[in-house]
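Q: The lines below spell out each chain.
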Amino acid sequence: MEATIAIAIGVLFGSGVWLILRPRSFQVLTGLLLMSYAVNLFIFIMGRLWVNMPPLTVESGAPDPAAYADPLPQALVLTAIVIGFATTALYLVLMIGSRSVTGTDHVDGKETDQ
Amino acid sequence: MTLDWSQHLIVAPVLVPLLVAALLVPLNETRHQVKFLINAGAVAVQFGIALMLVSMTDGGHWQDGIGVYLAANWAAPFGIALVVDRLAALMLLLTALLAACALLYSMMRWSRIGVHFHSLFQFMLMGLNGAFLTHDLFNLFVFFEVMLAASYGLLLHGYNLKRIRAGMQFIAVNLVASLMFLIGLALIYAAAGTLNMADLAMRLEGLGGDQLALLKVGAGVLAIAFLVKSAMWPLGFWLPITYAAASPPVAAMFVLMTKVGVYVVLRLWLLLFSSDSHGAASFGADVLLWGGMATIVFGAAGMLASDRHGDLAGYGAIMSSGTLLALIGLGESGVVGAALFYLLSSTLGMGAFMLLIELVERSRNPVEAMLSLTREAFEFEETPDQPVGVGIPAALAFIGLSFGACALVITGLPPLSGFVAKFSVFHALLAGEVRGVGLAVMGLVILSGLAAIIALMRFGVRTFWASGAINARMHLSEVVPVSLLLFLCVFLTLRAGPMLEYLERTSATLHQPQLYAQRVLAEPAVMSASAQQARSDG
Chain H
1 MEATIAIAIG
11 VLFGSGVWLI
21 LRPRSFQVLT
31 GLLLMSYAVN
41 LFIFIMGRLW
51 VNMPPLTVES
61 GAPDPAAYAD
71 PLPQALVLTA
81 IVIGFATTAL
91 YLVLMIGSRS
101 VTGTDHVDGK
111 ETDQ
Chain C
1 MTLDWSQHLI
11 VAPVLVPLLV
21 AALLVPLNET
31 RHQVKFLINA
41 GAVAVQFGIA
51 LMLVSMTDGG
61 HWQDGIGVYL
71 AANWAAPFGI
81 ALVVDRLAAL
91 MLLLTALLAA
101 CALLYSMMRW
111 SRIGVHFHSL
121 FQFMLMGLNG
131 AFLTHDLFNL
141 FVFFEVMLAA
151 SYGLLLHGYN
161 LKRIRAGMQF
171 IAVNLVASLM
181 FLIGLALIYA
191 AAGTLNMADL
201 AMRLEGLGGD
211 QLALLKVGAG
221 VLAIAFLVKS
231 AMWPLGFWLP
241 ITYAAASPPV
251 AAMFVLMTKV
261 GVYVVLRLWL
271 LLFSSDSHGA
281 ASFGADVLLW
291 GGMATIVFGA
301 AGMLASDRHG
311 DLAGYGAIMS
321 SGTLLALIGL
331 GESGVVGAAL
341 FYLLSSTLGM
351 GAFMLLIELV
361 ERSRNPVEAM
371 LSLTREAFEF
381 EETPDQPVGV
391 GIPAALAFIG
401 LSFGACALVI
411 TGLPPLSGFV
421 AKFSVFHALL
431 AGEVRGVGLA
441 VMGLVILSGL
451 AAIIALMRFG
461 VRTFWASGAI
471 NARMHLSEVV
481 PVSLLLFLCV
491 FLTLRAGPML
501 EYLERTSATL
511 HQPQLYAQRV
521 LAEPAVMSAS
531 AQQARSDG
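Protein chains in written order, with the working numbering: chain H, 1 to 114; chain C, 1 to 538.
Think of the hints as simulated: they come from the structure by calculation, not from any bench. Any given hint could turn out to be false.
To be verified - Computed spacing ranges between beta-carbons, pair by pair:
#, chain 1, residue 1, chain 2, residue 2, range
1, C, P26, H, V93, 13 to 23 Å
2, H, E2, C, M442, 44 to 54 Å
3, C, Y159, H, T112, 20 to 30 Å
4, C, R362, H, P71, 49 to 59 Å
5, C, F487, H, Y68, 52 to 62 Å
6, H, P54, C, A285, 42 to 52 Å
7, C, L37, H, V82, 41 to 51 Å
8, H, A6, C, L37, 16 to 26 Å
9, C, V45, H, V51, 47 to 57 Å
10, C, P26, H, P63, 43 to 53 Å
11, C, L37, H, S100, 30 to 40 Å
Keep in mind the model is a prediction, meaning the values are calculated, not measured. Just so it is clear, CB atoms sit at the ideal spot from N, CA and C, and this is done for glycine as well.
Please work from the sequences and hints to get the whole structure.
A: Here is the structure:
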């Protein structure tokens, strides 16, 4: 299970890195999205991979931390998703603005000389 | 039992800008004056709070000069702790001062070239203040994002082609840096099981083997995010383009944003890696040292090579941030106080310079300005106009004098605060154990000062001794902020003794990680009335 998810995150992040090095702004945006998916998954598995663990709930007596899934990475990943979503949306707006002002979707705002 | 009002003061620098920014959003853009006054009032309140926090941290109000505020009344390390110490209080004060100057400068023109300037300005202050106060790594990420999101908006404020191009790069670079921040956070949490800074510092001692290696990787990745902000070579290529594109008051605030990166490096590095008691002692010091030195060279070369004013200022900011990083990387406890003085002086000087540049450009005839730049390239002789008996116009005299003062502060020549800063840094370096690398840093700082003198002098000669200067019209609201920032530099020079003593106390606290752990982790949560009743009954 660890190997599968590690490869999945690696492929996502690697594709993202390749895409943000591309000259078209939409490719850069897609790359940023893929990278943020990879990072979100990465944060999530930092609470270790568990199967069939119940959430942390209030019970009588002191709970045994080993018997529950770690709630903190879940809280962190939620915040990270929201923030990543907002900043990516902002980049998208800027991208559209740049396209309409410069007339090209190149990241430098002008076509390179071929 | 309720908290003393002074405890709530710690969270006020975050809450005041948040509420004011939200209040400013629905106000119609046509009501400039009202929006400006509310914004200015909020900055004044933040200035007052920062002043009180400075006097309380230094005046023995809190034990060891460290005030702790437990957000949501959860004891650390489970909840988020806000911590104010001398350094945080000082940075809050610096932020409020620079914000007041930038805001006043933007009153007549720059706040009106787009919408929601005032809200974005307050959101940015909220992010900055929060980043200085928080003692939790994930909370730091959130405040960084608040600051960055506002800075994207401010950079694009007055939407033109130049700003869009700079914005595309700036936003993409910072989004990637934020992802690095998250990866670093996740690795540190996986290794140490905590995100509270003081708790992390304490747990380091118990770590070994794989866990420690994982933590080091995490800290390294995390550092990339901060070093992108503080523009360490080779992570700082975005900076000159961004600074040159931003409107002047925004650029002045951006000067502070690079210093936030340096601040976080300083705080975290001293807290986690400065003590010798664990396996990760002095981790990354060499990277900071050599990276900082490379940054100084890059900044100095950039200053010499730039022919536009905006670039000159941007490379100047890179140079000062490189100097700070190299001084932190030296790992000598005696240098930190002097380095903080340099931070104050260079931030005020660069802030004034960013604002001044626009006034300089306004005072130049556009055609002549272009000619004077191309003149050297084509080497054609200039026959000076015959001098006629006209005095220098007051506006031009003001610009010239301010430019001279800025140049003195930035290059570190006597008599202004830049000189005191560099002198005390050298003094601390020589007073400590003199190492070859310390001397190398000293040499680089001196040489970079020389490069800055040459670049600024060339700029000054071309601007003020060339023909074509026109008597620019400037408003009092643009003259006052520049004068105020320079006056603060003079004030720093005059009160250098007490200031350095304060900074030495700051540095002494920073070098005691266990002190933070004691104060933060032992801070009791406030008990509710019923719990208190139960305890007294039982």
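Q: State the violated hints by number, sorted upward, taking the hints as numbered earlier in the document.
A: 7, 8
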